[in-house]
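Asker: For this one, chain A is given, so just place chain B on it according to the hints.
Number of protein chains: 2
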Amino acid sequence: MHCSKCHRKAVTFIRYNGMYLCKEHFVEFFERRVKKEIRKQGLPKGTIAVALSGGKDSSVACYMLWKILKDHKDRKLIAITVDEGIKGYRDKTIEIARKLCNELGIEHYIISFKDEIGLTLDEISEIRGELAECTYCGVFRRYCLNKLAKEKDAKVIALGHNLDDVSQTILMNFIRNDLERMARMAPHKKIQPGYIPRIVPLRMVPEKEVTLYAYLKGFDVSEDECPYAIRAMRLLYREFLLQLEEKHPGSRHSILKSYLELEECLREKFPPAKLQPCKICNQPSSMPVCMACQLKEKLRKSKEK
Amino acid sequence: MHCSKCHRKAVTFIRYNGMYLCKEHFVEFFERRVKKEIRKQGLPKGTIAVALSGGKDSSVACYMLWKILKDHKDRKLIAITVDEGIKGYRDKTIEIARKLCNELGIEHYIISFKDEIGLTLDEISEIRGELAECTYCGVFRRYCLNKLAKEKDAKVIALGHNLDDVSQTILMNFIRNDLERMARMAPHKKIQPGYIPRIVPLRMVPEKEVTLYAYLKGFDVSEDECPYAIRAMRLLYREFLLQLEEKHPGSRHSILKSYLELEECLREKFPPAKLQPCKICNQPSSMPVCMACQLKEKLRKSKEK
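Quick note, the sequences are listed as chains A and B, same order.
Position 24 of the first sequence, counted from 1, bears residue number 24 in my numbering, the numbering being contiguous throughout.
Position 69 of the second sequence, counted from 1, bears residue number 69 in my numbering, the numbering being contiguous throughout.
Check the hints yourself; a few may be wrong.
It does not matter which identical chain is used: a pair holds within one copy or between any two.
Claimed, not checked - Straight line, CA to CA, 30 Å or less: simulated DSSO-like cross-link-like pairs of lysine-lysine:
(1) LYS301 / LYS247
(2) LYS189 / LYS147
(3) LYS40 / LYS155
(4) LYS189 / LYS36
(5) LYS247 / LYS208
(6) LYS114 / LYS76
(7) LYS247 / LYS303
(8) LYS190 / LYS274
(9) LYS23 / LYS70
(10) LYS257 / LYS190
(11) LYS298 / LYS247
(12) LYS257 / LYS274
(13) LYS190 / LYS150
(14) LYS67 / LYS189
(15) LYS189 / LYS269
These aren't lab readings, by the way, just hints derived from the structure by calculation.
Bound-form chain A, shown alone:
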């Protein structure tokens, strides 16, 4: 097939808008949406941190921000990688992240669960009890990211979430009646003391397109999936959304649209919780003791048994 915009050979078909695109026009189509989204979400002056796991999504988010910021004198991009300690999986992607930062000339910082929590995720998995690894990992990852970003005086943290991730999360929060969590989704507009707001530059782009972009740009990308993903509820939602998208192209977009239409009313219904320094670790928290410290305590007790 030919590109719908020129005579060249198409590399992809975008089902939800019916377009065939060649490499050049796909790259243009991709970058346009990311740039537009970044403009909309806003990039404050100062240090911009990107959460770089080394997977395809965060690598592409990092590259796009580098591309946009390289000529900005008043903004500086740094990358933060959280090493959860997952043997045979994270070691590889950390190498990829390191290489990418080297090539682009981005300062790269690594923060590990082992140093901050005292246990790797593999060790947590052994003693986790009834909670899935993803529960610990999500909380500790946010804790680590925020801590290091704050130390580096970052104004914002960019996450690699794509449209598939975002639409899954919206749907999950809606179905679980967790509207408060829905109201707190990134991008964050309100600035809270000690808490670095998040932006999500790729939220308008389906996962498949991020993969294709990474491939076309020749990025080094690991094909591995996190070994603990199997226990994530997300899989059921993922499967359903793929089926739905197959029958009704554009479903992921329309979920995001529903969310955006309700956003204002959600933010009114659930105004940001007043954050306070956690009594134990001093990091911002909506409770006297933050969730990371609560889970750390849970693990300590469970280890003693």
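Answerer: Just chain B now, with coordinates in the frame of chain A:
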């Protein structure tokens, strides 16, 4: 297993609240929720119409309303059956509906697509073009119900939708970004000229429990499914919600809860459309020509070809 409330043998296990119930306690549990819901949604004085297809849901809704209203002097229950004209399916359920009304002493009215639209659903199926049967059927059914209920001066129409139906519809509207349709879901509070508001007495009760109730009460119930259901998008949602409920009992309830929390904001965002008499049929419509008349015209043209 024994009933969680007495020493008798349990007939069912309610997964989302962990209770085993005997026949008596299940019936009590079932009826309590339906009565509570009816009180909440409100039953105006005068004629109450129930849309009775003869399937298990509408039969149970009809029976429950009869049970509640039989001692009310200022409210009268009537049943309306829409005969879409589906050979081998609707004929059977119409007989069941007729029998139930006879037994309970309820006035029973039948209105048919053939008389009102000029075509049975089977005939529509032959010439339908790109729209599924369900699209025509839904619009024409609403049209017929409203027309006959208005002629009988009904104050409200009760529908048999159970929790599975309602949670599917909410999810479908959310995913399709059809928030306006979500805002217009029954039960209706605002009264619009010419339009009979709907109530949904069974919306808190899962389908499985309606089936069990119908069985325990010895209702004559057809096991057949509408032959056109196969083309309904609903099936995908149904499948997903069953899987979800299996893994997370209570998911259907939490979807309804999310909806109820957003209801006020949705109704503000989408105030009821001003209804006007349709230029052709005089029935209430948000457009100059109502959807039923538009679809009738579409069918007429398609038949001429």
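Asker: If a hint holds in the structure, say so; if it does not, say that too.
Answerer: Here's how the hints hold up against the structure:
1. Proximity of LYS301 and LYS247 under a CA criterion of 30 Å is satisfied inter-copy only: 28 Å between copies versus 48 Å inside one chain copy.
2. For a Cα distance limit of 30 Å, the shortest separation of LYS189 from LYS147 inside one copy, 19 Å, qualifies, whereas the shortest one across copies, 50 Å, does not.
3. Proximity of LYS40 to LYS155 under the C-alpha cut-off of 30 Å is restricted to the intra-copy arrangement: shortest distance 16 Å within a copy versus 49 Å between copies.
4. In this assembly of identical chains, LYS189 and LYS36 lie within 30 Å of each other by CA distance solely inside one copy; the values are 17 Å within and 42 Å between copies.
5. In the homo-oligomer, the alpha carbons of LYS247 and LYS208 lie at most 30 Å apart both inside one protomer (17 Å) and across protomers (28 Å), since each shortest distance falls under that limit.
6. For the identical chains of this complex, LYS114 and LYS76 are intra-copy neighbours only, at 28 Å inside a copy versus 71 Å across copies, given an alpha-carbon limit of 30 Å.
7. Taking the closest pair of Cα atoms, LYS247 and LYS303 come within 30 Å of each other only across two copies (29 Å); inside a single copy the shortest separation is 48 Å, beyond that limit.
8. For a Cα distance limit of 30 Å, the shortest separation of LYS190 from LYS274 inside one copy, 11 Å, qualifies, whereas the shortest one across copies, 38 Å, does not.
9. With identical chains, the CA atoms of LYS23 and LYS70 are at most 30 Å apart within one copy only, with a shortest distance of 24 Å there and 72 Å across copies.
10. In this homomeric assembly, LYS257 and LYS190 come within 30 Å of each other (Cα to Cα) both inside a single copy, at 21 Å, and across copies, at 27 Å.
11. For the identical chains of this complex, LYS298 and LYS247 are inter-copy neighbours only, at 25 Å across copies versus 44 Å inside a copy, given an alpha-carbon limit of 30 Å.
12. Taking the closest pair of Cα atoms, LYS257 and LYS274 come within 30 Å of each other both inside a single copy (28 Å) and across two copies (26 Å).
13. Proximity of LYS190 to LYS150 under the C-alpha cut-off of 30 Å is restricted to the intra-copy arrangement: shortest distance 16 Å within a copy versus 52 Å between copies.
14. With identical chains, the CA atoms of LYS67 and LYS189 are at most 30 Å apart within one copy only, with a shortest distance of 24 Å there and 54 Å across copies.
15. In this assembly of identical chains, LYS189 and LYS269 lie within 30 Å of each other by CA distance both inside one copy and across copies; the values are 16 Å within and 22 Å between.
In summary, this structure violates none of the numbered hints.
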